[in-house]
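Taking the hints into account, I'd like the entire structure generated from these sequences.
Going line by line, the protein sequences match chains E and L. So for the first sequence, full-length UniProt numbering puts the first residue at 1; every next one is plus one. So for the second sequence, full-length UniProt numbering puts the first residue at 1; every next one is plus one.
Simulated from the structure, these hints should not be mistaken for lab results. Since the structure is predicted, the reported quantities are computational estimates derived from the model, not experimental observations. Mixed in with the good hints there might be a few duds.
[Unchecked claim] Okay, the calculated beta carbon distance ranges per label pair: (1) E:Asn78 to L:Asn170: 50 to 60 Å; (2) L:Leu29 to E:Asn125: 29 to 39 Å; (3) L:Pro175 to E:Thr17: 20 to 30 Å; (4) E:Ile16 to L:Ser199: 27 to 37 Å.
[Said to hold, decoys possible] Quick list of in silico lysine-lysine cross-link-like pairs, PhoX-like style, CA-CA up to 25 Å: (5) E:Lys130 to L:Lys2; (6) L:Lys253 to E:Lys18; (7) E:Lys25 to L:Lys164; (8) L:Lys253 to E:Lys25; (9) E:Lys24 to L:Lys253; (10) E:Lys123 to L:Lys2; (11) L:Lys5 to E:Lys89; (12) E:Lys111 to E:Lys73; (13) L:Lys249 to E:Lys8; (14) E:Lys89 to L:Lys249; (15) L:Lys249 to E:Lys73; (16) E:Lys89 to L:Lys253; (17) E:Lys102 to L:Lys16; (18) L:Lys249 to E:Lys25; (19) E:Lys29 to L:Lys164; (20) E:Lys111 to L:Lys5; (21) L:Lys245 to E:Lys89; (22) L:Lys16 to E:Lys140; (23) E:Lys140 to E:Lys123; (24) E:Lys18 to L:Lys164; (25) E:Lys102 to L:Lys164; (26) E:Lys84 to L:Lys249; (27) E:Lys89 to L:Lys2; (28) E:Lys84 to L:Lys245; (29) E:Lys73 to L:Lys253; (30) L:Lys253 to E:Lys11.
All residues carry an ideal CB built from backbone N, CA and C; glycine is no exception.
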Amino acid sequence: MQNLIELKDLKREFVITKGWIKRKKEIVKAVDGISFEVKKGEIFGLLGQNGAGKTTIIKMLITLLAPSSGTCKVLGYNTYGEEKEFRDKINFIFGGEMGVYKRLSARDNLKYFANLYYMDEAKANKQIDKLLELVDLKNKADVLVETFSKGMVQRLQIARGLINDPEIIFMDEPTIGLDPLGAKILRNIIRKLKTDGKTIMLTTHYLYEADELCDRIAIINNGHLVALGTPQELRNIISGMNTIEIVLEKVTNETIDVIEKLESVRSVEKADTDKGIKLIIKYLEDADISGNILNSLSGLKILSFNQKELTLEDVYIKLVEASR
Amino acid sequence: MKNLKVLWTTMTLQMKNSFVRPMFRFCLLANPLVNTILLYEMFINSGQINFINYVILGAGLMGIWSCICFSSAGDINRERWYGTLSIIYTAPADFRLVIIGKILGNTILSLITFAVSFAAARLFFKGNFYAPQAYQFLISFISMILSFAVIAIFLAYLLTLSRKTTLYMNLIEYPVILVCGFVFPVDILPNWVQKISFSLPPTWAVKLLRMSVAGEVEASIFLDTFYKLVFITGIYVIIVILLYKIINKQVRKLGTLEMQ
Ligand SMILES: Nc1ncnc2c1ncn2[C@@H]1O[C@H](COP(=O)(O)OP(=O)(O)OP(=O)(O)O)[C@@H](O)[C@H]1O
Ligand SMILES: [Mg+2]
Numbered sequence: 001m002q003n004l005i006e007l008k009d010l011k012r013e014f015v016i017t018k019g020w021i022k023r024k025k026e027i028v029k030a031v032d033g034i035s036f037e038v039k040k041g042e043i044f045g046l047l048g049q050n051g052a053g054k055t056t057i058i059k060m061l062i063t064l065l066a067p068s069s070g071t072c073k074v075l076g077y078n079t080y081g082e083e084k085e086f087r088d089k090i091n092f093i094f095g096g097e098m099g100v101y102k103r104l105s106a107r108d109n110l111k112y113f114a115n116l117y118y119m120d121e122a123k124a125n126k127q128i129d130k131l132l133e134l135v136d137l138k139n140k141a142d143v144l145v146e147t148f149s150k151g152m153v154q155r156l157q158i159a160r161g162l163i164n165d166p167e168i169i170f171m172d173e174p175t176i177g178l179d180p181l182g183a184k185i186l187r188n189i190i191r192k193l194k195t196d197g198k199t200i201m202l203t204t205h206y207l208y209e210a211d212e213l214c215d216r217i218a219i220i221n222n223g224h225l226v227a228l229g230t231p232q233e234l235r236n237i238i239s240g241m242n243t244i245e246i247v248l249e250k251v252t253n254e255t256i257d258v259i260e261k262l263e264s265v266r267s268v269e270k271a272d273t274d275k276g277i278k279l280i281i282k283y284l285e286d287a288d289i290s291g292n293i294l295n296s297l298s299g300l301k302i303l304s305f306n307q308k309e310l311t312l313e314d315v316y317i318k319l320v321e322a323s324r
Numbered sequence: 001m002k003n004l005k006v007l008w009t010t011m012t013l014q015m016k017n018s019f020v021r022p023m024f025r026f027c028l029l030a031n032p033l034v035n036t037i038l039l040y041e042m043f044i045n046s047g048q049i050n051f052i053n054y055v056i057l058g059a060g061l062m063g064i065w066s067c068i069c070f071s072s073a074g075d076i077n078r079e080r081w082y083g084t085l086s087i088i089y090t091a092p093a094d095f096r097l098v099i100i101g102k103i104l105g106n107t108i109l110s111l112i113t114f115a116v117s118f119a120a121a122r123l124f125f126k127g128n129f130y131a132p133q134a135y136q137f138l139i140s141f142i143s144m145i146l147s148f149a150v151i152a153i154f155l156a157y158l159l160t161l162s163r164k165t166t167l168y169m170n171l172i173e174y175p176v177i178l179v180c181g182f183v184f185p186v187d188i189l190p191n192w193v194q195k196i197s198f199s200l201p202p203t204w205a206v207k208l209l210r211m212s213v214a215g216e217v218e219a220s221i222f223l224d225t226f227y228k229l230v231f232i233t234g235i236y237v238i239i240v241i242l243l244y245k246i247i248n249k250q251v252r253k254l255g256t257l258e259m260q
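Take a look at the structure:
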């Protein structure tokens with residue numbers, strides 16, 4: 001498959017001046033040597049803490065910032081210097097209430113932006129109707145945006161970001177500020193875009209969202225790439241153990257012995273709790289042992305049974321903490 | 001053709017956006033009204049016969065300059081705040097077209113200031129604007145508008161590089177009114193200031209306008225001033241063209257198109 005986005009040892013520094021009287025210059029290394037590729041049709045996630053450098057990476061990709069050094073290519077073109085070659089094929093959506101004219105109606109906003117993409121009028125009007133429907137703003141199309149709620153403005157932004165039917169869409173925290181339903185609608189839009197063959201790069205602080213949506217994820221910390229892979233691959237990096245927690249009315253040591261001897265089980269801990277006796281069983285991740293465990297517990301009263309899977313959040317926290 | 005459309009839609013959008021802003025309406029309507037009254041009181045004992053012309057021109061020019069100055073600078077900042085500046089910049093349409101469209105929109109709107117000061121002079125002082133050389137006046141007026149627009153583009157470009165636009169725009173507003181002789185002739189300024197005056201297109205545009213309403217001006221002197229204006233404005237046009245190449249790089253190096 002073709003690489004639509006290509007970063008190689010990409011760096012971006014910012015010079016900031018500090019202090020009022022003694023002006024001190026300080027260099028912030030926002031992006032400090034990042035390399036990865038994004039293939040056509042992928043949903044690629046960028047994860048990382050506040051200030052990790054995610055937005056800076058996206059801004060370099062959408063031709064808004066010049067890299068300090070390294071390669072930054074979109075559709076095979078340098079984003080600084082060859083930007084004219086591909087600006088019509090990309091677009092971006094930034095979360096929040098920015099990026100639209102408050103004193104125009106939703107439709108007039110989209111019309112204006114369609115002009116900036118040199119779309120002919122008939123095509124633009126069709127696209128605008130389609131998008132207004134997609135983001136559920138059809139019945140507000142001719143209302144001034146200043147009367148919109150935050151979420152509505154953001155949905156308009158989404159429509160704006162899709163106005164030119166872009167091949168690659170960059171989204172920086174697109175679901176921030178949307179209500180759960182709105183966020184779900186957006187995730188469905190993203191999935192639909194993928195089935196239409198679009199390529200998407202997004203950042204989010206909601207890990208389940210990244211887990212659910214992304215084909216591959218890059219975890220960034222302090223401008224460095226910490227990990228890169230499919231959500232499953234990332235889990236495997238720190239993998240090892242899954243956990244099952246069972247609360248029983250009572251349990252004998254023999255039963256515990258039986259469980260401990262099951263294949264893939266690595267440890268069984270016993271704890272007395274108010275609700276009963278809790279067994280914490282750790283086992284190798286890929287094994288499927290719940291059936292065997294239940295067998296060995298036959299005849300005992302099970303008060304609760306809880307299989308805990310490693311979430312992307314566990315992975316994320318481990319990796320980011322390890323990289324400090 | 002498609003570029004004309006970008007220009008046109010940007011211009012109309014800008015006019016819409018500007019006019020709904022109370023501050024802009026103040027610059028457009030109240031400002032020339034007040035200035036007309038003030039200038040009238042100042043000029044009434046000047047002994048000049050056509051002083052009402054100077055009042056109207058002075059108030060109109062001050063108004064148009066404030067509008068252009070505040071909006072070319074202010075609009076860049078506003079769009080930066082709204083996050084639309086980065087969208088405009090990264091869209092395929094040429095950024096220059098959008099900037100020019102915005103400034104043309106504001107410039108055309110700002111012509112209202114002349115109408116206001118004209119009407120105010122008439123209403124309050126029964127003063128009549130008197131332009132015996134209609135052609136000369138028309139030529140002067142149009143060149144004045146063009147030269148102001150060029151300056152506004154120059155400023156707007158520069159201000160894409162800085163987030164402190166409001167500061168700069170307040171900094172230049174009044175000096176230009178004085179230095180370019182909107183109200184008083186440049187001749188009364190100190191010599192070194194006059195050097196600055198002569199390097200700014202509005203100075204010549206204002207001079208030309210004054211001449212066209214003074215009556216009895218030799219065509220050769222008028223033409224001479226006109227050529228000077230064309231020449232100086234031409235230099236600014238060249239600067240603006242060259243400046244864009246630098247701006248286009250620097251905005252991305254410095255990252256000044258957005259709030260941070
Ligand atoms: N224009 C700028 N001037 C100076 N420093 C900047 C600028 N833009 C970003 N930075 C700095 O670069 C670093 C990375 O910022 P960036 O916005 O890319 O982080 P992020 O990963 O998007 O964070 P968040 O999750 O909070 O959005 C931060 O330390 C930030 O302060
Ligand atoms: Mg960010």
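**Study point:** Violated hints, by number in ascending order, as checked against the structure
**Key:** Violated hints: 1, 12; rest satisfied.
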